[in-house]
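Colleague: Using the sequences plus the hints, can you model the full thing?
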Amino acid sequence: MTAPNDGGVPVPVTPAGATSGAPAEYPPASPAGRGMFGNQGSGDVSGFGGLVRQRRTIEDAPRPYGSYFDEVRDALEEAYPAFGDAIEKVVVDRGELTLHIRSERIAEVCQVMRDDMALRFELCSSVSGVDYLGADARRLHVVYQLTSMTYRRTVRLEAAVSVEEPHLPSVTSVYPTADWQEREAYDMFGIVFDGHPNLTRILMPDDWEGHPQRKDYPLGGVPVEYKGAEIPPPDRRRSYQ
492 MTAPNDGGVP VPVTPAGATS GAPAEYPPAS PAGRGMFGNQ GSGDVSGFGG LVRQRRTIED
552 APRPYGSYFD EVRDALEEAY PAFGDAIEKV VVDRGELTLH IRSERIAEVC QVMRDDMALR
612 FELCSSVSGV DYLGADARRL HVVYQLTSMT YRRTVRLEAA VSVEEPHLPS VTSVYPTADW
672 QEREAYDMFG IVFDGHPNLT RILMPDDWEG HPQRKDYPLG GVPVEYKGAE IPPPDRRRSY
732 Q
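Per our numbering, residue 492 is the first one in the sequence shown, and the count goes up by one each step.
Certain hints may be false.
Distance condition first, Cα-Cα at most 16 Å in a straight line; then the derived EDC-like pairs of lysine to aspartate or glutamate [claimed, not checked]:
id, residue 1, residue 2
1, 580, 613
2, 580, 649
3, 706, 627
4, 580, 607
5, 580, 568
6, 580, 606
7, 580, 565
Restraint ranges, calculated between C-beta atoms of paired labels, are given here [what the hints assert, rightly or not]:
id, residue 1, residue 2, range
8, 553, 608, 45 to 53 Å
9, 664, 593, 27 to 35 Å
10, 584, 692, 31 to 39 Å
11, 634, 569, 20 to 28 Å
12, 700, 584, 30 to 38 Å
13, 683, 561, 31 to 39 Å
14, 698, 553, 33 to 41 Å
15, 548, 593, 14 to 22 Å
16, 626, 606, 29 to 37 Å
Honestly, the hints are just simulated from the structure, not real lab data. Quick reminder that beta carbons are idealized off the backbone N, C-alpha and C, glycines included.
Modeller: Here's what the structure looks like:
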């Protein structure tokens with residue numbers, strides 16, 4: 492890029508937004524950085540512009556919850572003697588019931604949710620991981636989506652573990668559909684499901700280091716070559732912070 496000098500002759504100038512470290516500048520270890528090519532203060536929602544959202548505190552929902560949610564909670568409390576010890580909180584948000592379960596009790600709760608005649612949540616349609624980096628000391632959460640085909644109801648279970656002790660019981664003996672889903676959560680987040688029949692990686696190579704969907708995992712990438720040129724991986728392109 493050039494700009495005219497006092498004599499009207501174009502001279503080189505630094506492109507707006509460029510930084511001294513481009514194009515091989517690594518991102519800092521911070522929860523929020525700036526956008527591509529040094530962009531700052533734009534209010535963008537890409538996650539790289541420094542936009543910080545205020546975190547909501549997730550608290551117990553007051554009763555009555557509404558819908559069928561009270562019935563589900565009462566049925567579980569009646570069928571499961573350890574309810575008071577196992578259930579950390581009950582949250583109703585955006586029309587969805589979430590039961591936060593102590594990690595070591597998750598398989599027991601799933602067994603009751605499936606077998607009790609007043610509950611009958613026969614299907615576990617999803618087991619997924621979430622990383623709440625910077626928001627929760629037990630930052631790795633496992634979310635279970637259960638469906639009652641008998642009563643046409645859905646409920647969400649959530650259990651949290653720390654990075655230092657990322658263990659919780661497998662629910663494959665209760666819901667066989669959780670087999671490959673737990674493997675994916677193990678592969679992507681490093682959550683260890685004790686008792687799983689074959690807990691191995693499912694997406695990444697067996698010798699891969701790290702867990703790509705953790706929020707502190709490097710952006711990384713693979714250089715792409717074409718027609719004699721090379722495009723570097725994302726974390727080596729200018730100031731991708």
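Colleague: For which of the previously enumerated hints does the structure constitute a violation, in increasing order of number?
Modeller: Going through the list in order, the structure violates hints 1, 4, 6, 8, 9, 14 and respects the others.
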